[in-house]
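Novice: Chain residues, written in single-letter form:
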Amino acid sequence: MKFPIYLDYSATTPVDPRVAEKICDCLTPQGIFGNPASRSHAFGWQAEKLVDEARANVAALVGADPKEIIWTSGATESDNLAIKGAAHFYQRQGKHLITVKTEHKAVLDTCRQLEREGFEVTYLDVRPNGLVDLAAFEAAIRPDTILASVMHVNNEIGVIQDIASIGAICRERKVIFHVDAAQSPGKVPIDLAELPVDLMSFSAHKIYGPKGIGALYVQRKPRVRLEAQMHGGGHERGLRSGTLATHQIVGMGEAFRIAAEEMATENERILSLRNRLFDGLKDMEEVYVNGDLENRIAGNLNISFNFVEGESLMMALKDMAVSSGSACTSASLEPSYVLRALGRDDELAHSSIRFTLGRFTTEEEIDHVLSQVRSQVERLRDLSPLWDMYKEGIDLKSVEWVAH
Amino acid sequence: MAYSDKVIDHYENPRNVGVLDKESSNVGTGMVGAPACGDVMRLQIQVNANGVIEDAKFKTYGCGSAIASSSLLTEWVKGKTLEEAQAIKNSEIAEELALPPVKVHCSVLAEDAIKAAIEDLQSKQGD
Numbered sequence: 001m002k003f004p005i006y007l008d009y010s011a012t013t014p015v016d017p018r019v020a021e022k023i024c025d026c027l028t029p030q031g032i033f034g035n036p037a038s039r040s041h042a043f044g045w046q047a048e049k050l051v052d053e054a055r056a057n058v059a060a061l062v063g064a065d066p067k068e069i070i071w072t073s074g075a076t077e078s079d080n081l082a083i084k085g086a087a088h089f090y091q092r093q094g095k096h097l098i099t100v101k102t103e104h105k106a107v108l109d110t111c112r113q114l115e116r117e118g119f120e121v122t123y124l125d126v127r128p129n130g131l132v133d134l135a136a137f138e139a140a141i142r143p144d145t146i147l148a149s150v151m152h153v154n155n156e157i158g159v160i161q162d163i164a165s166i167g168a169i170c171r172e173r174k175v176i177f178h179v180d181a182a183q184s185p186g187k188v189p190i191d192l193a194e195l196p197v198d199l200m201s202f203s204a205h206k207i208y209g210p211k212g213i214g215a216l217y218v219q220r221k222p223r224v225r226l227e228a229q230m231h232g233g234g235h236e237r238g239l240r241s242g243t244l245a246t247h248q249i250v251g252m253g254e255a256f257r258i259a260a261e262e263m264a265t266e267n268e269r270i271l272s273l274r275n276r277l278f279d280g281l282k283d284m285e286e287v288y289v290n291g292d293l294e295n296r297i298a299g300n301l302n303i304s305f306n307f308v309e310g311e312s313l314m315m316a317l318k319d320m321a322v323s324s325g326s327a328c329t330s331a332s333l334e335p336s337y338v339l340r341a342l343g344r345d346d347e348l349a350h351s352s353i354r355f356t357l358g359r360f361t362t363e364e365e366i367d368h369v370l371s372q373v374r375s376q377v378e379r380l381r382d383l384s385p386l387w388d389m390y391k392e393g394i395d396l397k398s399v400e401w402v403a404h
Numbered sequence: 001m002a003y004s005d006k007v008i009d010h011y012e013n014p015r016n017v018g019v020l021d022k023e024s025s026n027v028g029t030g031m032v033g034a035p036a037c038g039d040v041m042r043l044q045i046q047v048n049a050n051g052v053i054e055d056a057k058f059k060t061y062g063c064g065s066a067i068a069s070s071s072l073l074t075e076w077v078k079g080k081t082l083e084e085a086q087a088i089k090n091s092e093i094a095e096e097l098a099l100p101p102v103k104v105h106c107s108v109l110a111e112d113a114i115k116a117a118i119e120d121l122q123s124k125q126g127d
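These protein sequence lines map, in sequence, to chains A and B.
So the first sequence is numbered by my numbering: it starts at 1 and just counts up by one.
So the second sequence is numbered by my numbering: it starts at 1 and just counts up by one.
If you are wondering where the hints come from, they were derived from the structure by calculation, not from laboratory data.
Hints are not guaranteed to be accurate.
[To be verified] Listed below are several chain B residues computed to face chain A (Cβ distance under 7 Å; list not exhaustive):
hint, residue
1, Pro35
2, Gly38
3, Val40
4, Cys63
5, Gly64
Note that the structure is a prediction, hence the values are computed from the model and not measured.
Ideal Cβ placement from N, Cα and C applies to all residues, glycine included.
Can you build the whole structure from these sequences, using the hints too?
Specialist: In structure tokens form, the structure reads like this:
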């Protein structure tokens with residue numbers, strides 16, 4: 001076993017060696033290094049062909065037409081282009097947007113920027129399981145609502161939103177629907193030919209492709225219009241100027257092609273590992289799963305060990321790489337806003353650990369993680385005055401704490 | 001976050017973990033912080049007839065530097081008079097452990113904890 005064990009696949013994935021090989025073929029003088037926009041020679045033509053193949057591979061995994069795929073620098077840029085681009089284009093029809101409190105910052109901060117520009121944004125609560133309440137969503141739509149943005153899979157708790165139903169509501173009410181799907185390709189089947197989604201953001205580095213590349217799906221029928229956010233040479237039909245990064249695009253294409261081939265068996269394998277991990281932990285006292293366990297991607301287990309603080313637990317779990325919703329892991333000293341949005345007590349957010357499993361996770365690693373987590377939680381609970389109080393039967397909510 | 005070797009040492013081998021009898025007249029208990037804030041420290045001191053701290057115990061729910069700050073404090077207060085213990089400043093703890101700026105509040109909490117323990121003891125002995 002190699003240490004530390006990587007269990008942070010929702011933060012980023014390593015590049016699949018098969019992908020890395022394709023990337024390397026696009027860099028050196030012997031490789032396909034040309035500018036895909038060069039129309040006058042074979043270097044350009046060859047690069048353009050690779051970009052077209054990659055575009056077709058990305059489109060194929062998500063059931064889109066290749067013409068509907070716009071390359072960007074990543075899901076953050078895709079979110080910005082989709083939300084600002086549509087808001088700016090359609091602002092004469094209304095200036096109201098809807099999103100959800102558990103969205104990624106790339107969506108939330110983009111909405112904040114639009115608020116500064118005079119738009120109004122509704123930030124919807126989620127149910128305690130992390131899923132959007134469809135009735136509440138529909139009720140939030142106003143005559144001047146132009147766009148709604150709801151993520152497909154949550155990065156922290158891994159829950160899968162019902163984008164088909166939310167999209168159907170948007171269609172009926174003539175609201176443009178954007179989905180941040182940074183975390184879902186290869187994990188959840190996506191068929192944009194059927195899904196009522198107008199705009200969808202993708203990332204390569206969550207699916208064993210390279211960092212620094214992503215894509216935005218822009219539906220053609222009916223056509224969704226965007227105002228470009230990046231101006232220049234008119235690449236990507238004028239929606240996103242800038243020389244195409246052939247090697248990264250090729251990497252994203254290959255990553256999506258592999259996912260299309262392997263996702264069914266891969267998710268089955270990862271789910272059995274996740275179940276092995278959860279089965280090994282769930283008999284412990286005061287352990288809570290954050291977010292819905294059924295509507296969740298195979299690789300995510302976000303779990304709170306009550307009375308143990310997350311950062312200190314991560315420090316104890318030094319031979320594995322995980323993340324926590326604890327305040328102490330963030331510069332702001334605020335616990336995870338996603339976990340707070342579930343309505344959980346702050347202490348459960350402080351006590352949370354996110355394990356995200358992936359392509360290279362092994363059973364041996366999970367078994368090691370299990371024994372480490374169990375013994376370290378026990379050790380830290382022995383150190384915890386809250387655990388003592390819980391064991392004495394004191395209701396911690398009845399205690400008057402000296403907040404600081 | 002990269003912690004100093006001293007923080008890691010106290011975190012991995014915390015000193016004086018435990019509980020003293022909080023009902024005892026020569027034991028003072030200070031509990032500070034709140035679960036919702038992510039750290040709670042319980043610090044206890046036991047004094048002898050001369051007013052010297054002869055034992056100290058702690059338990060802490062919190063991050064590595066909160067655990068280290070309270071562990072270090074228990075080492076420091078042993079053998080000190082209440083006046084000397086009262087004079088310990090959070091900046092000394094932060095300096096000794098080389099806490100990063102974002103973790104300085106952990107040392108503040110430790111200072112609050114010893115002050116609360118002393119206050120508890122004095123209120124008991126004043127009765």
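Novice: State for each hint whether it applies.
Specialist: For each hint, the structure was consulted:
The interface hint given for Pro35 (chain B) holds, since its Cβ lies 4 Å from the closest Cβ of chain A, which is under the 7 Å cut-off. The beta carbon of Gly38 (chain B) is positioned within 7 Å of a beta carbon in chain A (closest approach about 4 Å), and the interface hint is therefore held. The closest approach between the C-beta of Val40 (chain B) and any C-beta of chain A is roughly 6 Å, which is under the 7 Å cut-off, so the hint is satisfied. Taking 7 Å as the C-beta contact cut-off toward chain A, the hint placing Cys63 (chain B) at the interface holds, the least distance being around 4 Å.
The interface hint given for Gly64 (chain B) is met, as the beta carbon of that residue sits about 4 Å from the closest beta carbon of chain A, less than 7 Å.
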